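Undergrad: From first to last, the protein sequence lines stand for chains A and B.
Mapping to this note's numbering: the first sequence position 190 is 180, numbers consecutive.
Mapping to this note's numbering: the second sequence position 21 is 22, numbers consecutive.
Just so you know, the hints here were simulated from the structure itself, not pulled from any lab data.
The structure displayed is predicted, hence computed values, not measured ones.
The beta carbon of each residue, even a glycine, is placed where N, CA and C say it ideally should be.
Incorrect hints may have been included.
[Unchecked claim] Incomplete in silico selection of chain B near chain A, CB under 10 Å:
(1) A3
(2) R5
(3) G6
(4) I12
(5) C15
(6) K16
(7) E28
(8) P34
(9) V47
(10) C61
(11) E71
Residue strings, one per chain:
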Amino acid sequence: MSENLITPENLVYQKTEAMTDRILHYCPGCGHGTAHRILAEVIEEMGIQEQTIGVAPVGCSVLAYYYFNVDMQEAAHGRAPAVATGIKRVFPDKYVFTYQGDGDLAAIGTAETIHAINRGENILIVFINNGIYGMTGGQMAPTTLQGMKSSTSPFGRDTKTMGSPLKITELIAQLPGAYFVTRQAVHKPANVRKAKKAIKKAMEYQKLNKGTCFVEIVSNCPSNWKMTPVQSNKWMEENMFPFYPLGDIKVPEDK
Amino acid sequence: MAKRGDVVIDIEKCKGCEVCVSACPQEVLALAPEVNKKGYHYAVKVNSDCTGCTNCAIVCPDAVITVYREK
Ligand SMILES: Cc1ncc(C[n+]2csc(CCOP(=O)(O)OP(=O)(O)O)c2C)c(N)n1
Ligand code: SF4
Ligand code: SF4
Ligand code: SF4
Ligand SMILES: [Mg+2]
Chain A
-9 MSENLITPEN LVYQKTEAMT DRILHYCPGC GHGTAHRILA EVIEEMGIQE
41 QTIGVAPVGC SVLAYYYFNV DMQEAAHGRA PAVATGIKRV FPDKYVFTYQ
91 GDGDLAAIGT AETIHAINRG ENILIVFINN GIYGMTGGQM APTTLQGMKS
141 STSPFGRDTK TMGSPLKITE LIAQLPGAYF VTRQAVHKPA NVRKAKKAIK
191 KAMEYQKLNK GTCFVEIVSN CPSNWKMTPV QSNKWMEENM FPFYPLGDIK
241 VPEDK
Chain B
2 MAKRGDVVID IEKCKGCEVC VSACPQEVLA LAPEVNKKGY HYAVKVNSDC
52 TGCTNCAIVC PDAVITVYRE K
């Protein structure tokens, strides 16, 4: 191949301008980066960079405000849906999203999650489920699988004493305020494309003012699962997906 | 015949996670034996079979791959 293909006319993919140029602090191979990127790509493609306001959580993605090239607000741990509620009510024409881990959304923030969705707040909630508290050193999360080892369940989660993994996504899908609920992944090209389509749909639905859109992304935590990124993605397919099956959970009835 | 493509990898931002390597249907990518300034074995091209499909770039968590495809 002698001919140079690297010309502006041939460009088919480059990092979106809806992300800043900061180097992500995430561990190698962590799905957080890919999840950020597809959300940012949707924002760029919809041309809504100036009209979007994001709310960052506490967790590994606490610094998400450094990476999204849109207006961002940090929330206290688990409170992103409450903060997003306030933002959306003051600015009903803006596109408002939260980005939250499973510890943030399904443990300390359970009340905010459920009540914001029950009120049908017109926001997008992006939920990164890696079955663990990544940031703080791999403690058990509500979403940790049965038998899964974590720093606070070193012999594996025993459901007799620790409860069963919480399918918060199926739970919130029951609420009348939930308009569109889906579960996706971002570890393989086909999954990335599907997850991005789901996020785009969810953002577009926000214009309809019909309720909360909720996109779960089942993701990895190679560092705390103590695997290489490639191993962690395989482990996720074999262990997380059977319990957290991918696909739409609630689709709008009027669509 | 598939179109020809090419990728440019920002090796200093690559974290050597290897996720792109298995995502490439043409087996274009591998990790270099050398490391970048941060100490990561970075992704490199090992053949010229790239079709510009973008698979590697869309799975890269650090968005370090730019893709070109002939028109
Ligand atoms: C009020 C409060 N309680 C506890 C913590 C400690 N803490 C920080 S992040 C975190 C859990 C994060 O887990 P998750 O939301 O799953 O995010 P991940 O890091 O896995 O992406 C906890 C318990 C805190 N920062 N603030
Ligand atoms: S600790 Fe886990 S979730 Fe956090 S950045 Fe590292 S791999 Fe990702
Ligand atoms: S663009 Fe496609 S063919 Fe080219 S290196 Fe990336 S994955 Fe391989
Ligand atoms: S996916 Fe990205 S960060 Fe990971 S090895 Fe490939 S180019 Fe480097
Ligand atoms: Mg987590």
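Undergrad: Now tell me if each hint is right for this structure.
TA: For each hint, the structure was consulted:
Given the 10 Å rule on beta carbons, the hint for B/A3 is violated: about 13 Å separates it from the nearest Cβ of chain A. Interface restraint check: B/R5 against chain A, minimum CB-CB distance 6 Å, threshold 10 Å, status holds. The closest approach between the C-beta of B/G6 and any C-beta of chain A is roughly 6 Å, which is under the 10 Å cut-off, so the hint is satisfied. Annotation: interface hint on B/I12 violated; nearest CB of chain A at approximately 13 Å, more than 10 Å.
Taken as an interface hint, B/C15 checks out: its beta carbon lies about 9 Å from the nearest beta carbon of chain A, inside 10 Å. The criterion of a C-beta within 10 Å of any C-beta in chain A is met by B/K16, whose closest approach is roughly 4 Å, and the hint holds. A hinted interface residue such as B/E28 counts as satisfied when its beta carbon comes closer than 10 Å to some beta carbon of chain A; here the least separation is about 15 Å, so the hint is violated. The interface hint given for B/P34 is broken, as the beta carbon of that residue sits about 17 Å from the closest beta carbon of chain A, more than 10 Å.
Annotation: B/V47 was flagged as interfacial toward chain A, and the flag is violated, the nearest CB pair being 13 Å apart, outside 10 Å. A hinted interface residue such as B/C61 counts as satisfied when its beta carbon comes closer than 10 Å to some beta carbon of chain A; here the least separation is about 7 Å, so the hint holds. With its C-beta approaching chain A no nearer than about 6 Å, B/E71 sits inside the 10 Å limit, and its interface hint holds.
In summary, the structure is inconsistent with hints 1, 4, 7, 8 and 9 from the numbered list given earlier, while agreeing with the others.
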